[in-house]
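A.B. asks: Now for the letters of each chain:
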Amino acid sequence: MLPGSLKFRAEIFRQFYEENKPFTCLDGSRTIPFDRVNDDYCDCRDGSDEPGTAACPNGSFHCTNAGFRPTFIPSSRINDGICDCCDTTDEYNSGAKCENTCKELGQKEHEVLQKMAEITKEGFLLKQQLIQEAKNRQQEKQSKLTELQNNKKELEEKVEALRTVKETAEQPEKEAKELHLKAWEEQKAIIRAEKDKAKMAEAFLELDDDADGFVAVAELQTHAELDTDADGTVSETEAQGLLGGVDHVDTASFEKVWDNIKDKYVSELADNDSEQYPSDDDVQEEEEEDEEEDDYPEEDFDKVRKSFLVQAPPTVKTPPKKDEDEEAMPPYDDETRVLIDAAQKARDNFEESERALNIEKEISFDFGPDSEFSYLYSQCYELTTSEYIYKLCPFNRVSQKPKYGGSETNLGTWGTWAGPEDNKYLLMKYEHGTGCWQGPNRSTTVKLTCGKETTVMSTSEPSRCEYLMEFTTPAVCQEPEAVISSLHGHDEF
Amino acid sequence: TMSFPWFRMGLLLGLCISLLLGGSWAVDRGNFKTCDQSAFCKRQRALKPGQSPYRALLDTLELSDSRLTLQLINDNNKVHLLLELYRLQGNITRVKINELKPLKPRYEVPDVLVGDQPTEPLSVLSQDDNGVVLSLGAESQRLIVSARPFRLDIMEGPEVLLSLNSRGLLAFEHLRLRKDTQADPEGAEVKENVDGAEQQDEEQKAEDGGKDKEEDGLWEETFKTHTDSKPNGPTSISLDFSLPGVEHVYGIPEHADNLKLKTTDGGEPYRLYNLDVFQYELYNPMALYGAVPVMLAHNAQRTMGIFWLNAAETWVDISSNTAGKTVFGKMLDFVQGSSETPQTDVRWISESGIIDVFIMLGPKPSDVFSQYASLTGTQSFPPLAGLGYHQCRWNYNDQDDVKAVDQGFDQHDIPYDFIWLDIEHTDGKRYFTWDPEKFPQPKEMLHGIKDKRRKMVAIVDPHIKVDSGYKIHSEIRARDLYVKNKDGGDYEGWCWPGNSGYPDFTNPEMRAWWASMFAYDKYEGSMENLYTWNDMNEPSVFNGPEVTMYKDAMHGKWEHRDVHNLYGLYVQHMATTDGLIQRSGGTERPFVLTRAFFAGSQRYGAVWTGDNAAEWDHLKISIPMCLSLGLVGISLCGADVGGFFKSPSAELLVRWYQTGAYQPFFRAHAHLDTPRREPWLFGPENTALIRDAIRQRYTLLPYWYQQFYQAHKTGQPVMRPLWVEYPKDTATFTIDDEFLIGQDLLVHPVTEEGARGVTAYLPGQGEVWYDVHTFQKHNGAQNLYIPVTMSSIPVFQRGGSIVPRKVRVRRSSDCMENDPYTLYVALSPQRVAVGELYIDDGHTFNFQTKKEFIHRSLTFANNALASRNLFPESNFSTDSWIEKVLILGASKPNKCWVFLTTSVEFEFEASMSVLTLRKPGMNAGADWTVVLQPNQEIQDI
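From first to last, the protein sequence lines are chains A and B.
All letters in the first sequence, in the order written, are residues 1 to 493 by the UniProt record's numbering.
All letters in the second sequence, in the order written, are residues 1 to 941 by the UniProt record's numbering.
What the hints contain is simulated information worked out from the structure, not anything from laboratory work.
Some hints could be false.
[As the list claims (entries may be wrong)] Pulled a few chain B residues facing chain A out of the computed Cβ check, cut under 10 Å:
#: 1; residue: Leu63
#: 2; residue: Lys224
#: 3; residue: Thr225
#: 4; residue: Lys452
#: 5; residue: His671
#: 6; residue: Arg695
#: 7; residue: Val807
Everything numeric in this text was worked out from a predicted model, so none of it was measured.
Every residue gets a Cβ at the ideal spot worked out from N, C-alpha and C, and that includes glycine.
One chain only, chain A, in its complex shape (with noise of 0.2 Å):
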């Protein structure tokens, strides 16, 4: 009736459990007789009387795992025929089939410890090098701030004189490219009116299908894509209504009944396969974009939104398809040119001597006790997906950018370092990026671990507009000697 006779199971608590004494629960609430230790009941509050059972609540199950890393486990998991311990320890009374995967976990660990320790060894060798580097850097840009803080009202008067060339070369930059736009805006609109009036020509024979040289309301029907009531079907007054109350139009009247339907009009040609229906990503990368764009307050409704967003009418195909006029812009003339390369360098001028008055800026960055992460400022690294191209520019700012096309949504500017307490270097935060509707600002926590190189690793978002950035980099890697004795420290009771 009752469960079978009961092993011993925590060979470490042996000195607490003398047999054939009383047995004083740990927190010494009380003494039973020692026949009642490891019974399958419950007698102390601690649960120290069940080391090898299930009975105690709040008990704890040591698993030796030889082999491997001994571990403690709730005492719930032991017998429920789930295999927690290596060593199969816990299920000793279940049924459930356990392997002893002790030594090839071991293994496995050491080769990970092994590799990590090689990592970590190559990490911090470089991290050196950054150190060295940083303190150089270090150097120079001191000097440099100096230099700075002597001359900061002369330089700042040259940024704003620079700031003036710069503004002045762009105007006459500016207005050459709007007139060469302009032009060929013009020229555009010349060749799609020709086009349109082709496209009337082609569908007037197509709609006039018994080709009396009119188009009639049935003639009409025919054409579901001009339904206006979205039922699907264009009837009799509708046909009537897009005629222009007549029961049909020749060639000439017809021009103002082309101006009605050639937004929805499909030609016969065209293939109504719902092949060309976009896929979702497509849809998807659509409405991200708008979304940034105007700032379109859509979260807010979000079943509403979110139909509205899958719903996305079917469009053609993106990239859309465009006409051979509309193929590209001919090139700017050698004047506007001219006009560009000029501005273009009293930018750069400007920018340069801009950074210049940065660099108090840069200075006053936290950048690791030896300004080991310095040398990240002004670098971006970039991560690929199936979707998006994530740029990271540590100190600066996070963003996302969809692989095809579209603007560029910010995850969050530089915040704070925020690591546990004893090491805030391994998480930095970046907060206040483009906001969700309705919900807080994009906002990227990034995960530094050890590795040889800098890069990012994955990007994800658990949680609505908050994001997780794994990043390598070797500026994290600690000496190795403390790497191998903190892994070491697992195996300690």
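Starting from the known structure of chain A, arrange chain B on it as the hints suggest.
C.D. replies: Frame of chain A, contents of chain B only:
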């Protein structure tokens, strides 16, 4: 380049914008009809009580053994109706009224009633020119048919229990031909808008004014941009019921309102029309996702029920002659003797179909539940795991996310049974598929879940993406099983996948095909621990009128108008639930959650209260919403823990877990745009509080399981209003901030922000209740103030009950299968207690097909606790044993034995009078007796 569909886009934009203007966090009421905007409701409601035009033609009376028929005539238009009366077994009277000769058949709701309704003989007691008196068999019950005007009264002894058409609001709009197109066979003079009273004069005027002018909304009506073509013209029906002596009516879910229904005079009627209401408002009678047209009427002497079997849009008006009277006013009436009997009048209005009403005469609440169960069946018996904790979110992003959440529960030592996937798991909202990027290896994921003895639910909605490359779509289209437009083409509307078709689930062929899609080889990536969730089955159509389907869409020969409220039941019904049964060859119990429901939905699975919000009032309303569902048979009810929209504070989330842990269907869910809220994300203190609440749920699983077995067997609700168990105690009649689970546990969850205490009403004169946490004893029939902290969940066990628990909480319910039981024996003042213990394999139909279960009665009396077999023919064995017995309200015994032979050790805690028997050790399936030898000395003192 993005030309042709822009006009469609415009419509949706319009929808978005109108929502924007509608205020921030509330439903946009303008999207949903008021009675005035629903032409038939407006017409019907304009009828005033008075002289009914209906007369019973007594010479047409025919009485067979169990069926009485009688013609009624509307003296205004000479249209004949046929009245049918049946006496059904179990004290139920069925009244059917249809046109005697309708132009074409009118819809009669199929598939809701279970089996044949056994009838009992009716006999005529007396008859004269004014009426007929019929005997209803037992209990001196009579039914009186009055001829002029037509009226029915059901009496018991000298008392009228209930009357039909006593206010003359019977109105039956007969089918007719449209005048402007065809000749009216009934003659020009019969033009009317409602075939009811007091219309003649007005119609005469209308006729004089302009012959061709038709009343608005008879043959066409427009709501917002949507036009309903109404090819059958006006078809609505209405009937009134009077309930003398009744002041409290309940039921007719689903509404986000109090348990006790309010009077609707001067306001909107309660509406029953399954709708996907975006951010629904609380405390109003607007329609929600489901509809059960069943009302319960209760007073201290009797409980009755009215079941209005009609699936069309329905409105219910309630008025009361005591509404608005203060207690003082009532007292004055009493003292002055001038009081009329309190009375509640109810009026039902439906858009089409026939009048088919079941009057359930009780007299006890439990009788009404049995009566209703005999008509529509009982709660399906869920797999045990379904009663565990469910972790859901829109959406778990990918397989890694699922794995991480699963591990999170283990890291924080919190049990759970089901993890859920919302719509984003699919390949472009094509149900029965998986997103190839995010869920490339569904089986691998499901195996990972299975290794922890846990399960998963994936959503399968009933709208099908119109995409020729999608097999489900192309097959349904090829089989021609979609709902049709009024002009015969496939109906299409917009839902998650964009343009979608809606399978015609009213067609048995469609349901059978759908069910076959759940076969393991058809539903790729599925396996036995994957279950199903049917959402959006009202049906939800984003661009349809009131976010649903056009009423003139066609399901075979019936209009959507006729079947609307049934659609959701059919989806969950034979379609999905049968699919899950069939895939296991009929052996495994299914688990299917639905949002839309109708009478009978209890037979198919679980229901939740839809898209609520992370607000304290939404937490509060979860109690009356689930209580109302329980009253009409649907016991497996829950609300999204934490609230679906918006983000809960840690305090609200903790309180919601504490409340949800004591409600039948316990699932946390969250909107896509809300921050993550797995139980461990709110700091260690809140994690511990949530862990504790979920663990309390798991310790009580044996009790929950037994309650659901009972619900399945008898139709009694699991979560009960207090008045159900204390029907004579008027103090309980309006309580809806606390509830009972079965008979024995009373729960008053904390639902106020910053609460320092709650006041719970403990019912039962002469009874006692024990605080389940402290074991402190309290007297019944009192309002008890209970100070609370963040860890408090006020729960009381009734003195006189025995509640089995499993206190070894593990990772999932399945892991606890063979664990021992602890019995909590709470003594009544008479020092007795009774309870039950039910055990089976937890997941198959073997309890039914092979009688493989253990069902024990547990009794404590005369200082002995005994377990006896309630079903000797049952046949099941268990490894579980009795590890501990706590006797609350006990005195210290001298000795304790099992079977009078083996001595059992015990401890006695004197301050709370708790006797704990240490490890008595009996097998849970065995006969046994534990005997206490009273300590004479102590007893003498």
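A.B. asks: All the hints need checking, so say for each whether the structure fits it.
C.D. replies: Here's how the hints hold up against the structure:
no.: 1; hint: Leu63; verdict: violated, 51 Å
no.: 2; hint: Lys224; verdict: violated, 13 Å
no.: 3; hint: Thr225; verdict: holds, 8 Å
no.: 4; hint: Lys452; verdict: holds, 6 Å
no.: 5; hint: His671; verdict: holds, 6 Å
no.: 6; hint: Arg695; verdict: holds, 8 Å
no.: 7; hint: Val807; verdict: holds, 7 Å
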